[in-house]
Amino acid sequence: MDPMPEATPKTEPTLRVLIVDQNVMRASILEEGLREAGYVNVTVLREMHNLMRRIVDLDPEVIVIDLENPNRDVLEQMFQVSRVVRRPIAMFVDRSDTDMIVAAVDAGVGSYVVDGLKKERVKAVLDMAISRFHAFNKLREELDNARQALDERKIVDRAKGILMKQRGMSEEAAYALLRKAAMNENRRLSEVAQSVVTAASLLK
Amino acid sequence: MNPAQIEHGTTVVGFIPLLDCAPLAVAVEKGFAAEQGLDLRLVRETSWANIRDRVVVGHFDAAHMLGPMAIASTLGVGHLKVPMAAPLSLGLGGSGITVSLGLWDSMTAEGASLSASPRALGEALRTVVRARERAQRQPLTFAMVYPFSSHNYELRYWLAACGIDPDRDVRVIVIPPPLLVDAMREGQIDGFCVGEPWNSLAVAAGVGCIALPTTAIWRLSPEKVLGCRLEWTQRHPDRLRALVRAVYKSALWCEQPENHAELSRLLAEPRFVGAPAEILLRGLSNRLCMQPGGEPQRLENFYLPASRLATFPWVSHALWFYSQMVRWGQVGFDPEHVPQVRATYRPDLYRLALSGTAAEIPTSDTKIEGESQGRDGFFDGARFDPNDLSTYARKAE
Numbered sequence: 001m002d003p004m005p006e007a008t009p010k011t012e013p014t015l016r017v018l019i020v021d022q023n024v025m026r027a028s029i030l031e032e033g034l035r036e037a038g039y040v041n042v043t044v045l046r047e048m049h050n051l052m053r054r055i056v057d058l059d060p061e062v063i064v065i066d067l068e069n070p071n072r073d074v075l076e077q078m079f080q081v082s083r084v085v086r087r088p089i090a091m092f093v094d095r096s097d098t099d100m101i102v103a104a105v106d107a108g109v110g111s112y113v114v115d116g117l118k119k120e121r122v123k124a125v126l127d128m129a130i131s132r133f134h135a136f137n138k139l140r141e142e143l144d145n146a147r148q149a150l151d152e153r154k155i156v157d158r159a160k161g162i163l164m165k166q167r168g169m170s171e172e173a174a175y176a177l178l179r180k181a182a183m184n185e186n187r188r189l190s191e192v193a194q195s196v197v198t199a200a201s202l203l204k
Numbered sequence: 001m002n003p004a005q006i007e008h009g010t011t012v013v014g015f016i017p018l019l020d021c022a023p024l025a026v027a028v029e030k031g032f033a034a035e036q037g038l039d040l041r042l043v044r045e046t047s048w049a050n051i052r053d054r055v056v057v058g059h060f061d062a063a064h065m066l067g068p069m070a071i072a073s074t075l076g077v078g079h080l081k082v083p084m085a086a087p088l089s090l091g092l093g094g095s096g097i098t099v100s101l102g103l104w105d106s107m108t109a110e111g112a113s114l115s116a117s118p119r120a121l122g123e124a125l126r127t128v129v130r131a132r133e134r135a136q137r138q139p140l141t142f143a144m145v146y147p148f149s150s151h152n153y154e155l156r157y158w159l160a161a162c163g164i165d166p167d168r169d170v171r172v173i174v175i176p177p178p179l180l181v182d183a184m185r186e187g188q189i190d191g192f193c194v195g196e197p198w199n200s201l202a203v204a205a206g207v208g209c210i211a212l213p214t215t216a217i218w219r220l221s222p223e224k225v226l227g228c229r230l231e232w233t234q235r236h237p238d239r240l241r242a243l244v245r246a247v248y249k250s251a252l253w254c255e256q257p258e259n260h261a262e263l264s265r266l267l268a269e270p271r272f273v274g275a276p277a278e279i280l281l282r283g284l285s286n287r288l289c290m291q292p293g294g295e296p297q298r299l300e301n302f303y304l305p306a307s308r309l310a311t312f313p314w315v316s317h318a319l320w321f322y323s324q325m326v327r328w329g330q331v332g333f334d335p336e337h338v339p340q341v342r343a344t345y346r347p348d349l350y351r352l353a354l355s356g357t358a359a360e361i362p363t364s365d366t367k368i369e370g371e372s373q374g375r376d377g378f379f380d381g382a383r384f385d386p387n388d389l390s391t392y393a394r395k396a397e
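Protein chains in written order, with my numbering: chain A, 1 to 204; chain B, 1 to 397.
Bear in mind the hints are in silico, worked out from the structure with no lab data behind them.
For every residue, glycine included, the Cβ atom is placed at its ideal position computed from N, Cα and C.
Heads up, some of the hints might be wrong.
Stated by the list, open to error - A short list of chain B residues far from chain A (calculated; beta carbon distances all over 12 angstroms): (1) 119; (2) 123; (3) 135; (4) 287; (5) 289; (6) 306; (7) 334; (8) 358.
What the hints assert, rightly or not - Cβ-Cβ distance ranges computed for the label pairs, FRET-style: (9) 98/A to 343/B: 20 to 28 angstroms; (10) 98/A to 270/B: 31 to 39 angstroms; (11) 355/B to 37/A: 52 to 60 angstroms; (12) 343/B to 146/A: 48 to 56 angstroms; (13) 187/B to 98/A: 40 to 48 angstroms; (14) 167/A to 256/B: 31 to 39 angstroms; (15) 355/B to 188/A: 47 to 55 angstroms; (16) 262/B to 116/A: 35 to 43 angstroms.
What the hints assert, rightly or not - Cross-link-like lysine-lysine pairs, in silico, DSS-like; alpha carbons within 25 angstroms at most: (17) 165/A to 154/A; (18) 123/A to 81/B; (19) 154/A to 119/A; (20) 165/A to 180/A; (21) 154/A to 204/A; (22) 123/A to 138/A; (23) 119/A to 81/B; (24) 81/B to 118/A; (25) 165/A to 204/A.
Can you build the whole structure from these sequences, using the hints too?
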């Protein structure tokens, strides 16, 4: 669903884009996306050391920074007061960009654009950043879920082991007992398993 | 107010891990919010820019906000123009200027001492600055946390009043609070102005000395506010009223000495400030260790969450902040700005929320700052008359 009536914004391969992100995976996902789209001047900064110096050297036209990065405040002041950065960089301060800012903040993207650069010229970059950050967030969520599932399986295995040893049960019987207790008490299987493990450690 | 009348829904408030987020933490943890029928959820943030952006886009209903940030947003300086409302001040004071041990040594060689006046400290610093200039060494670097902040303005005010040009004689840069101690240890910065517990943490880490609390520059000086989008306050008057009441009561609780130990343990939790409780206790109890290994020293009215009308959003505070925005070139003086600045601080909403309670509420919206020397004065004896803003701003320019 594309709410914008105009055609997909054109990419501009020579636009200098800087990604400031301490998260290696997220930065790579965005960098890759931009390169696939044909951008050739994409730089990723993971180190915050000498941020100012690097920005002066790279002279980026668009900067994308993740909202988790406390150095956002450092960047903003640089852009505001710096006489060193050749072309001061400003955020979109035009009221018409509110939708874009809302979408960016929702995705966890902070973005800065060289003053005077036409909105149409950078829209594709920002759209890409927003969609890649969303993709990363989804990935992270899936990873968290997978990790949680693994943790839960481990705890259930430990509870089964305790029951098998202490009550001389088979693995199937131990599992069935845990499931039954969970259903009777209307609790998650992993919660019941956790209480078995806790109780066993107290009784040791 | 009947709590049942408040519309359903959670009120989300963003905060930065600093000592003066205390009343917000207490509002949730000690039940003051619930008492007002308010479902209050706090979200810890990592940068002031995030606080601003997430209030602007509506992720947060309100936030622990730098007073000048609310004004900048109303005026559209540096970012989107989104009118803000500050119905309550989150206390007075609580910040300090810390210098590296190396700079402190140079300053003491020029006559500075821990009990010296802000004037004498500034003059010692000026001598150090001039000597470096003559020796053609790099200028000293001072850090603060955000361009639109009391810390930026108070640091600059002190430097300028002591004959040091903050834009020419030294460098003033932004560094986020959690990175300040390391930056000082690595010699990237020679001093910083920040809220607690970061000054005390630098002392505890053995990398800096607290040269002076900002309350020595301006007694009873303002800091953060509860900042909301104006539009939100109009849409949710009942929630706003409950929020102001809850935070007001929490601020009273925070100031009681018998609660300080419990409060310091609460704030020490990683979900709030995440610093050692004994360090947080220093600022809360107005007893700071000024230098590594030093004895705690009593600093009268260093941090006041509630007393001395600390929660009242004085419009004269907003106007002083604006005068400093003009003074340091962040915005050009414009008579049309003045009513917008005045309208950002909302004593009327404060009164509306707290009428019928035991709260002491001033009848005036402004006061002449520095009028009662020794009570709320500037260290250089200056007077700020909010009705004579243009003269003050022009004089300082």
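Going through the hints against the structure:
no.	hint	verdict
1	119	holds, 27 angstroms
2	123	holds, 26 angstroms
3	135	holds, 23 angstroms
4	287	holds, 29 angstroms
5	289	holds, 26 angstroms
6	306	holds, 29 angstroms
7	334	holds, 17 angstroms
8	358	holds, 39 angstroms
9	98/A to 343/B: 20 to 28 angstroms	holds, 21 angstroms
10	98/A to 270/B: 31 to 39 angstroms	holds, 34 angstroms
11	355/B to 37/A: 52 to 60 angstroms	holds, 59 angstroms
12	343/B to 146/A: 48 to 56 angstroms	holds, 51 angstroms
13	187/B to 98/A: 40 to 48 angstroms	holds, 42 angstroms
14	167/A to 256/B: 31 to 39 angstroms	violated, 55 angstroms
15	355/B to 188/A: 47 to 55 angstroms	holds, 49 angstroms
16	262/B to 116/A: 35 to 43 angstroms	violated, 54 angstroms
17	165/A to 154/A	holds, 17 angstroms
18	123/A to 81/B	holds, 21 angstroms
19	154/A to 119/A	violated, 51 angstroms
20	165/A to 180/A	holds, 19 angstroms
21	154/A to 204/A	holds, 20 angstroms
22	123/A to 138/A	holds, 23 angstroms
23	119/A to 81/B	holds, 18 angstroms
24	81/B to 118/A	holds, 20 angstroms
25	165/A to 204/A	holds, 13 angstroms
The structure shown violates the earlier hints numbered 14, 16, 19.
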